[in-house]
Amino acid sequence: MPTIQPVVGFFILGVLAGVLKSDLKIPEALYKSLSIFLLIAIGFKGGVSMAKYEIMDVLPIALSMVVLAALVPLTAYPILKKLGKFSQADSGAIAAHYGSVSAVTFAVGLAFLEGIKETSEGYMVLIMALMEIPALVTGTVLARMGAKGTTQWGKLLHEILTGTSIFLMVGGVIIGYYAGMVKLVAPLDKMYMDLFMGVLSLFLLEMGLLASARLSAIRAKGPFLLVFGILFPLTAGFFGAFLGAAFGLSTGGTMMLAVLYASCSYIAAPAAMRIAVPEADPAVSIGASLGVTFPFNIFIGVPIYWEMAKWFKGVA
Amino acid sequence: MPTIQPVVGFFILGVLAGVLKSDLKIPEALYKSLSIFLLIAIGFKGGVSMAKYEIMDVLPIALSMVVLAALVPLTAYPILKKLGKFSQADSGAIAAHYGSVSAVTFAVGLAFLEGIKETSEGYMVLIMALMEIPALVTGTVLARMGAKGTTQWGKLLHEILTGTSIFLMVGGVIIGYYAGMVKLVAPLDKMYMDLFMGVLSLFLLEMGLLASARLSAIRAKGPFLLVFGILFPLTAGFFGAFLGAAFGLSTGGTMMLAVLYASCSYIAAPAAMRIAVPEADPAVSIGASLGVTFPFNIFIGVPIYWEMAKWFKGVA
Amino acid sequence: MPTIQPVVGFFILGVLAGVLKSDLKIPEALYKSLSIFLLIAIGFKGGVSMAKYEIMDVLPIALSMVVLAALVPLTAYPILKKLGKFSQADSGAIAAHYGSVSAVTFAVGLAFLEGIKETSEGYMVLIMALMEIPALVTGTVLARMGAKGTTQWGKLLHEILTGTSIFLMVGGVIIGYYAGMVKLVAPLDKMYMDLFMGVLSLFLLEMGLLASARLSAIRAKGPFLLVFGILFPLTAGFFGAFLGAAFGLSTGGTMMLAVLYASCSYIAAPAAMRIAVPEADPAVSIGASLGVTFPFNIFIGVPIYWEMAKWFKGVA
Amino acid sequence: MNSTIAMKRMEIVIDEEKLEELIALLREIGVRGYTFIKSAGGLGSRGSRRPDDIFFEETNALLILACLEPTAQKVINALRPKLKDFGGMCLISDCSWVEGPAASY
Amino acid sequence: MNSTIAMKRMEIVIDEEKLEELIALLREIGVRGYTFIKSAGGLGSRGSRRPDDIFFEETNALLILACLEPTAQKVINALRPKLKDFGGMCLISDCSWVEGPAASY
Amino acid sequence: MNSTIAMKRMEIVIDEEKLEELIALLREIGVRGYTFIKSAGGLGSRGSRRPDDIFFEETNALLILACLEPTAQKVINALRPKLKDFGGMCLISDCSWVEGPAASY
Ligand SMILES: Nc1ncnc2c1ncn2[C@@H]1O[C@H](COP(=O)(O)O)[C@@H](O)[C@H]1O
Ligand SMILES: Nc1ncnc2c1ncn2[C@@H]1O[C@H](COP(=O)(O)O)[C@@H](O)[C@H]1O
Ligand SMILES: Nc1ncnc2c1ncn2[C@@H]1O[C@H](COP(=O)(O)O)[C@@H](O)[C@H]1O
Ligand code: NA
Ligand code: NA
Ligand code: NA
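Residue numbers (the numbering used here), protein chains in the order written: chain A, 1 to 316; chain B, 1 to 316; chain C, 1 to 316; chain D, 1 to 105; chain E, 1 to 105; chain F, 1 to 105.
Some hints here could point you the wrong way.
Think about it this way: if two alpha-carbon atoms lie no more than 35 Å apart in a straight line, the pair counts; the simulated DSBU-like pairs of lysine-lysine are [said to hold, decoys possible]:
id	chain 1	residue 1	chain 2	residue 2
1	F	K38	B	K155
2	B	K190	C	K183
3	B	K25	C	K25
4	A	K52	A	K183
5	B	K183	C	K190
6	C	K183	C	K117
These are calculated hints, taken from the structure and not from any lab test.
Nothing here was measured: the structure is a model prediction, and the numbers come from that model.
So that you can see chain A by itself, here it is in the shape it has in the complex:
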């Protein structure tokens, strides 16, 4: 079993600060700046390594993986509704969160690969950006099926497509791709590549603070969400690893696809669901995704998805 990355220690530090009621506070402007940096950097890194592929060769594979991502909320929804006894709106909203992805979990996955000197396909980042769309749309449809009142589809699609996350990641991919093509990655990499891990560490510190504040929100449905928040990503990750191997990705890429399927959103999805399903309670979905699944994934999930990837690649 590979060693745990030091960077995730910052998440524990943040949780501790919350638990011990330390007066540590991350300025809001810093939190936002770090997330802008990470989104661009993730996109940029992906774009640079995408410059090595013929874009047309990978597009069909990438798109299939994106479309298949709609299966995740479709699976999550009945579980949440039947077993979890959530309302239709809440079930749909939580399903959308789990179908969507977490850029920071993705980043921790990349850091993990870096630590063990492995790589993954650059276009994984594009898949990540695009996966939001089927997940959020499916989640919304499920939440609103048969409900009265019209869904603000226009506003929702605008929010999804021009929301900070997708916008900056896709922008980063394009600039990184261009930089890779014209061989001018050089001075930008000092910032977006070399500092990636350091910036991620500060961001995880804040994530820890947030997670410890959010956990209390899920108290009522705590036991169910604890089980769901661990077993569901494991299952989704298993499916992702299977798909990755089936599509012939590298072992690193297979793991990253498992991470994408397993991770769930706590930035883009809450913003979208607020518009699409305002009657859902955001405290529950954020509490589960940030308080349970996110820490599970970065500490335990990522190494497991790596083992899954190796196993599937051995089988395949």
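Could you slot chains B, C, D, E and F with the ligands onto chain A? The hints should help.
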């Protein structure tokens, strides 16, 4: 024609975010922090490379180029007044903006030279800092000629000299010069040199957002300002390139002088003009300099000034 | 005498900006972000180099130095009370400030050693973090001896132990130590080590601004505090250097211990004293420690402590 | 109190996003002065809105307006149909304006 | 002013740290709307509190509350014993609420 | 409302840059309590001032002051000559102060 730098792609990204009404926002504290960084870094880089010259050798040349910068607003003023039909106050204020310089355009110029592995004289940055003074003073005199009410010269000079831009750039020059002399550039360069391009990229993202918001302000005088905002910097840049070659600068330095003459201010000048010529409408001058001339310069102007510099150096 | 580090030039720049009433302002969010960075970085650097020691070997030495730190406020108190004619509360509070330490002075000391290619023991940072405790507790006891009203010991200890400074430094030490043990320092060092000096430079700029604003607060007791603020750290530093040599530290480590004893707090101590000794006037203690002792230490003190360390090591 | 003019003080709380629209409305009516503060939090009929929630940036703006009674009535008339869309509340009370060189009301 | 309801306007200034407690208290009483602003500075019996002091983050919060008279009296009664611990002040004045679709008072 | 004291509530809006000067003036008069909020925007006789304009940092400060009538009159007298230099406005209204342990007025 050399390739466009990836870094300017971030400007496009910002403009797009504005046009598509993305919810992307750069926190104000980040914007200010980036500009503090860039001003120090520009000064520091310049100071370090100035440490290679005998300061007394270059001072007379530098001062002449600064004094000659007063010609720019003197030329711009009658054009704005006669052809543009602006009020005296507005003409003077816009002239001051175009006589003054843009540190970010300068930075893009440096990035361009870095991209093609060329260098320029370190003291260009000192010229940039000093050029503000004749430009803003001349612009103020023009705007206030024969106007009633007294000009607050004391307050204006204090604003110019201790304003954040000049203060940090000159401070950076002095510290960089000292660091160069005592050969202790080392650990500071990891920040102020290595990260320069990365920080610039984030700043350009915000510039793009601002530019797209500002363009609407010039609608009334749009066609005139569009033509003026492109042809005037081309002419001023041509004059700068001529001067640079005449003074015997390197090709890179010649280009940078052209950039200085061609670029126009949207940070220092607005602040100064608000004090000196409060009756001028800042929306127009900022709209023209940030919405038209700045993007023109960073995408099209800089490569053209490079060609001009090569041409003049060939001739000279 | 070794050359002055360029980085401290930024402190002068900040003071100048204050004196000249420049409109330069460091956004509050940047100031806080920089201090979060510096605290983690100091801890992380220390932790990484601690990974080279057997922790049990150094613990007794480290703890003795921490306990002996209580001597500093005990010495300062009678001087402040008798010679300085301060109230009991003020004397205790100022004593606590001078017994406590300044992480930024420590950082300047590290930068100094880096400049002359010397090193120090990594566990100095742990000593720094722990030294706050005896200093603040002793200062509080002195200030409250015989005073009516109960001391809020619980709240005070919570403030000291979970206050941002100690929390982040100790957190950084642990993560750095872990990273050092598992040999995964690599991508985090690009941020927390390489950028240390650059971030410090921006922080010193703000310190200069603050110091110039704070100096006016000590006008009434100015002459006494000026003498005290210089002679006391020199004496404490001398004692620290003696101890360092006696405990067998390296020359660099001996100097750093002198710096710890000589430096005084203007972040952690004010926060703690506000809770423990609310009747003391914070303007005086912050004015003396930030306006007098901090600049003295970073410009003149640090090189002197280096000479002291060399002298004691020669003697020892 | 001498040297003061009797006026109405209006206090409007709306979604921060709608502030520009409200200001445009006020300008149309001919209001010559107002003061606003952003990043306010609150509780209302649509639940609570908090400026420091990192996930949802739902903030209110508070606008204060001193004007003569007829203007106040005009503002109310213009505002009432919009209150639904804007959300929030509008309070009115009596106040006195201390006369100074400027008369921005 | 037509279409308005006579109400009480309460204005409370307390330590920002105590805001959550105050809000909990208000909710208990059954208050249905309020607006607050953080990062306020001020001077009071415990000396001055400034939002921009880099060493001491002592800030106040200002809370504004429009409600009917009986609720106001309930708030006063609940608040008075707490005022010592909360610090700060509480002002009350008359105001009129412009009727709109929502009635968050 | 029982247990309250009748007072004047003053509300002053000025350039944020002038706030220190205003506070000094208030202290001279002997005012014992006030609350202020920075980063306010507004429209007045000198045009509009916006806290979020990245090019021009023109912001107002809002200061609220509860005091007894004689103090209020003193403040007005001291403030009126300065209003030109300070810019801004000053409103006065009636209010009641809820009695508590501290009397910072
Ligand atoms: N009774 C009230 N007192 C003070 N502020 C209120 C009151 N009712 C509503 N508000 C404010 O108006 C905002 C929007 O209200 P609503 O549209 O009813 O949700 C709330 O978030 C509060 O800031
Ligand atoms: N007379 C007053 N007018 C306005 N605000 C006040 C007044 N007295 C106290 N305050 C506010 O209440 C806060 C706390 O007051 P205190 O608990 O008395 O120190 C102060 O910092 C002021 O912001
Ligand atoms: N009638 C008014 N109501 C509310 N605030 C006002 C009014 N007139 C002026 N102000 C405020 O006072 C500031 C300065 O006003 P002035 O000095 O007239 O430009 C404005 O920016 C507003 O914030
Ligand atoms: Na997922
Ligand atoms: Na120019
Ligand atoms: Na000390």
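Right, here's what the structure says about each hint:
no.	hint	result
1	K38/F to K155/B	24 Å, holds
2	K190/B to K183/C	23 Å, holds
3	K25/B to K25/C	21 Å, holds
4	K52/A to K183/A	11 Å, holds
5	K183/B to K190/C	22 Å, holds
6	K183/C to K117/C	23 Å, holds
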